[in-house]
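Enquirer: Let's have the full structure, built from the sequences with the hints guiding it.
Each residue of the sequence shown is one higher than the one before, starting from 1 at the first, in this note's numbering.
Don't read these hints as lab results, they were simulated from the structure.
There may be inaccurate statements among the hints.
Simulated DEER-style distance windows between Cβ atoms [unchecked claim]:
1. Ala45 to Ala135: 33 to 39 Å
2. Glu32 to Ala6: 17 to 23 Å
3. Thr111 to Ala28: 25 to 31 Å
Predicted model, so just to flag it, every value in this text is computed and none were measured.
Note that CB positions come from ideal geometry on N, CA and C, so glycine has one too.
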Amino acid sequence: MSLDIAHINAMDRSEFVNAFGGIFEHSAWVAERAWSKRPFADLAALHAAMRAVVAEAPETQQLILLRAHPDLAGKEAQAGTMTDHSVSEQSSAGLDALTSAELQQLTRLNTAYRAKHGFPFIIAVRRHTKNGIFAEFERRVGNDSRSELQECLTQIFDITWLRLQAQATV
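Expert: Listed below in structure tokens is the structure:
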């Protein structure tokens with residue numbers, strides 16, 4: 001979709017949510033709340049408004065946002081139920097073509113991370129190689145949950161910036 005900022009600012013709530021509701025994984029509420037922050041000077045201002053919506057949300061809602069993300073090469077990937085965004089992102093890093101040993105390692109890491117933190121490991125996979133993702137996973141799995149909540153939000157903001165740039169040319 002190629003949209004200029006004037007068009008984005010002129011959208012009614014329904015059109016805006018339809019266009020941008022999928023930027024944050026299964027969390028159209030972010031776009032719904034960001035709409036009221038119009039007008040946006042540019043795409044970066046739109047993203048800043050979306051980030052502010054998440055930052056201002058109670059921690060319980062932030063955790064729901066994190067839990068809406070799929071595990072890396074996890075059950076959703078195996079079942080083919082991930083969003084188009086997630087499929088594209090995970091395949092860009094080769095997570096759709098893991099060896100059986102890599103898949104076992106990733107499954108072990110996913111399980112350990114979720115057990116410790118209560119939400120999935122989130123990383124902007126487009127910014128990493130497969131080996132880099134494994135290294136970050138190993139490094140972060142031992143962190144405290146408060147730090148990981150903040151790190152996951154930072155990663156989500158990076159993911160959504162990349163998604164927004166790909167979706168709208170301003």
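Enquirer: Does each hint hold? Answer for all of them.
Expert: Evaluation of the provided hints:
1. Ala45 to Ala135: 33 to 39 Å: Cβ of Ala45 to Cβ of Ala135: about 34 Å, so the range 33 to 39 Å holds.
2. Glu32 to Ala6: 17 to 23 Å: Holds, at about 21 Å.
3. Thr111 to Ala28: 25 to 31 Å: holds, 29 Å
The structure shown violates none of the earlier numbered hints.
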